[in-house]
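Undergrad: What follows is each chain in one-letter form.
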Amino acid sequence: DAKTTQPTSMDCAEGRAANLPCNHSTISGNEYVYWYRQIHSQGPQYIIHGLKNNETNEMASLIITEDRKSSTLILPHATLRDTAVYYCIVRVGSARQLTFGSGTQLTVLP
Amino acid sequence: GAVVSQHPSWVICKSGTSVKIECRSLDFQATTMFWYRQFPKQSLMLMATSNEGSKATYEQGVEKDKFLINHASLTLSTLTVTSAHPEDSSFYICSATEFIQSGTEAFFGQGTRLTVV
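Taken in sequence, the protein lines are chains A and B. Our numbering applies: residue 29 is where the first sequence begins, and numbers increase by one. Our numbering applies: residue 11 is where the second sequence begins, and numbers increase by one.
Each statement offered as a hint is correct.
Coverage of chain A stretches by chain B, computed from C-beta distances (three or more under 8 Å per stretch; other residues unrestricted):
1. 65 to 78
2. 124 to 131
Taking lysine to any residue pairs in the SDA-like style, the calculated list, with each CA pair at most 20 Å apart, reads:
3. K31/A - I91/A
4. K31/A - E69/B
5. K31/A - S53/A
6. K51/B - M38/A
7. K51/B - L126/A
8. K80/A - S56/A
9. K65/B - Q125/A
10. K51/B - P35/A
11. K51/B - Q70/A
12. K51/B - Q73/A
13. K51/B - S69/A
14. K80/A - E115/B
15. K31/A - M55/B
16. K24/B - R123/B
17. K80/A - N47/A
18. K31/A - S53/B
19. K51/B - V136/A
20. K74/B - Q125/A
21. K31/A - L56/B
22. K51/B - T33/A
23. K51/B - H68/A
24. K51/B - I67/A
25. K30/B - Q70/A
26. K80/A - V120/A
27. K51/B - T127/A
28. K51/B - S37/A
29. K51/B - S130/A
30. K51/B - T111/A
31. K31/A - Q52/B
32. K51/B - G129/A
33. K51/B - T135/A
34. K80/A - G57/A
35. K51/B - D39/A
36. K51/B - T36/A
37. K51/B - D110/A
38. K51/B - Q133/A
39. K80/A - T114/B
40. K51/B - F128/A
For the record, the hints were derived by calculation from the structure and aren't laboratory data. We put the beta carbon where it would ideally sit given N, CA and C, even for glycine.
In isolation and in its complexed conformation, chain A is listed as follows (with noise of 0.2 Å):
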């Protein structure tokens, strides 16, 4: 799988919008951009994924670069339960296991 680098820590308000940001520029052409989240002391939550076009669904938005060698999840309004470590994972779609990297700390502020 394709590593991935991402901030250690982030802030953001509440209420306003969560820019989360990955590169993962040796991404390869069969490889997807998967997002997942994990609350303290809990296990992993899925977000969401890509290959190639811009994703939506009812948790978050995911913009994905022409090239393919960046990301960004975006939470539209974050709020107190989104704080939490954010994982962007590049693998092959048919892959079964996930690799974890370190993440990025999301603390939404009040």
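Using the hints provided, position chain B relative to the given structure of chain A.
TA: Using the frame of chain A, we list chain B on its own:
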């Protein structure tokens, strides 16, 4: 999405005893499950891959005789920490994958906090 249930959520045991952690896929069949370990302020590290009906595959540095994995059915994998010691205290998380339209999707249990005293 699919649900993976892990039990217990936390356990405290005495040094030298064994502890069993269960991981169940509640609404889908999982031929493969994964066990991760997470130390404080660190990321998840894959310990082993649990294969239904066959031996588990362990990552480098993980002792297979200490962390016994059994995957006897398509919905249940167990991790037994044998002769636990304080350094085994950690957060253990299981994961199961399900095939979806774009490949596979991983679902995680809620984790088990093991404290060895």
